[in-house]
Amino acid sequence: MTANLVGIAIIDIVFFTLLVLTAIAILRQRNLFAVAMLSGVFSLLSAGLFVTLDAMDVAFTEAAVGAGISTVLMLGTLALTSRDEAKRPRSALLPLFVCLVAGAALIYGTLDMPPFGAVDNPIQTHVAPEYIARTPTDIGIPNVVAAVLASYRGFDTLGEVVVVFAALVAVLLMLGTSGRRTNGKNGKEE
Amino acid sequence: MYMFLAITAALFVSVALVLVRLFAGPTLYDRVLAVNTFGTLTVLILSALGFVTERPDFLDIAMLYALVNFVGTIAILKFFRYRSFGRLRPEPEER
Numbered sequence: 246m247t248a249n250l251v252g253i254a255i256i257d258i259v260f261f262t263l264l265v266l267t268a269i270a271i272l273r274q275r276n277l278f279a280v281a282m283l284s285g286v287f288s289l290l291s292a293g294l295f296v297t298l299d300a301m302d303v304a305f306t307e308a309a310v311g312a313g314i315s316t317v318l319m320l321g322t323l324a325l326t327s328r329d330e331a332k333r334p335r336s337a338l339l340p341l342f343v344c345l346v347a348g349a350a351l352i353y354g355t356l357d358m359p360p361f362g363a364v365d366n367p368i369q370t371h372v373a374p375e376y377i378a379r380t381p382t383d384i385g386i387p388n389v390v391a392a393v394l395a396s397y398r399g400f401d402t403l404g405e406v407v408v409v410f411a412a413l414v415a416v417l418l419m420l421g422t423s424g425r426r427t428n429g430k431n432g433k434e435e
Numbered sequence: 056m057y058m059f060l061a062i063t064a065a066l067f068v069s070v071a072l073v074l075v076r077l078f079a080g081p082t083l084y085d086r087v088l089a090v091n092t093f094g095t096l097t098v099l100i101l102s103a104l105g106f107v108t109e110r111p112d113f114l115d116i117a118m119l120y121a122l123v124n125f126v127g128t129i130a131i132l133k134f135f136r137y138r139s140f141g142r143l144r145p146e147p148e149e150r
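First to last, the protein sequences are chains A and B.
Just add 245 to wherever you are in the first sequence, counting from 1, and you've got our numbering.
Just add 55 to wherever you are in the second sequence, counting from 1, and you've got our numbering.
Worth double-checking, as some hints may not be accurate.
What the hints assert, rightly or not - Facing chain A, from chain B, some residues (calculated, C-beta under 8 Å):
#, residue
1, 56
2, 63
3, 70
4, 93
5, 94
6, 97
7, 123
8, 126
To be clear, the hints were calculated from the coordinates, so they are not data collected in a lab.
Note that beta-carbon positions come from the ideal geometry of N, C-alpha and C, so glycine has one too.
Only chain A is shown next, with the shape it has when bound in the complex (with noise of 0.2 Å):
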């Protein structure tokens, strides 16, 4: 047991250094297509360690939007802008300072929260106790964590449903009008 805890342990430490690679990668690439690949990257690599966390809804989520839909979306946004970053004169310190003053607030503000995955954390105390116990009754399923999404909070999920529903709407109205007007103008020159 102790040599798995290890071996998961070492896996992390790899899938965070391959993570702050692929983010350096993303921030020295000009051709916006190859952000595009390496994000899809970064997706995917996020998901192995939302896995290795033990988080598969988390993961899933991951999997199937970042590094699918995204690419794809992304992708397509490509096909009507330029395909290269612009060069920016000014110097990056300012953002730079920015940056490290709101990451090390961010840090400073995880220093109040409980360890990490204790027994008597708040959220292991406050409903999930009763919801792992009135799953099987009241649901009847194995899984707690659909039993939560899809009943417990079935109206919450319905309304996420509605707006991820209506993003997709607007976006497909906004790639498809774009791929008509092509085919309009090649219909012209033709």
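Assemble chain B onto chain A, guided by the hints.
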């Protein structure tokens, strides 16, 4: 279990090699191929991880990744071919 850890380590070595090709790749086709290989390696790593953590139900997620990887590669190649996702049918002169 040590065997699966060794497999995971070997897979991470190949991931590093693929990432090198992805970062340095001179042409875009190198990058597309690297991303596709990276997706396959992620599927393999997740399967190996499932056995390391003794929860083989990770295989479901690995399957989802394989599907997403396939769709993503198709989308990228379609973008290469037609420069747009809007057109469903190829123009006659592009064939």
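Okay, the hints, checked on the actual structure:
Annotation: residue 56 of chain B was flagged as interfacial toward chain A, and the flag holds, the nearest CB pair being 7 Å apart, inside 8 Å. At a threshold of 8 Å, the smallest CB-CB gap from residue 63 of chain B to chain A is about 6 Å, leaving the interface hint in force. Checking residue 70 of chain B against chain A: minimum C-beta separation of about 7 Å stays under 8 Å; hint holds. The interface hint given for residue 93 of chain B holds, since its Cβ lies 5 Å from the closest Cβ of chain A, which is under the 8 Å cut-off.
Checking residue 94 of chain B against chain A: minimum C-beta separation of about 6 Å stays under 8 Å; hint holds. At a threshold of 8 Å, the smallest CB-CB gap from residue 97 of chain B to chain A is about 5 Å, leaving the interface hint in force. Interface hint status for residue 123 of chain B: upheld, as the beta-carbon distance to the closest one in chain A is roughly 4 Å, under 8 Å. For residue 126 of chain B, the suggested interface contact is upheld, since its CB lies about 6 Å from the closest CB of chain A, less than 8 Å.
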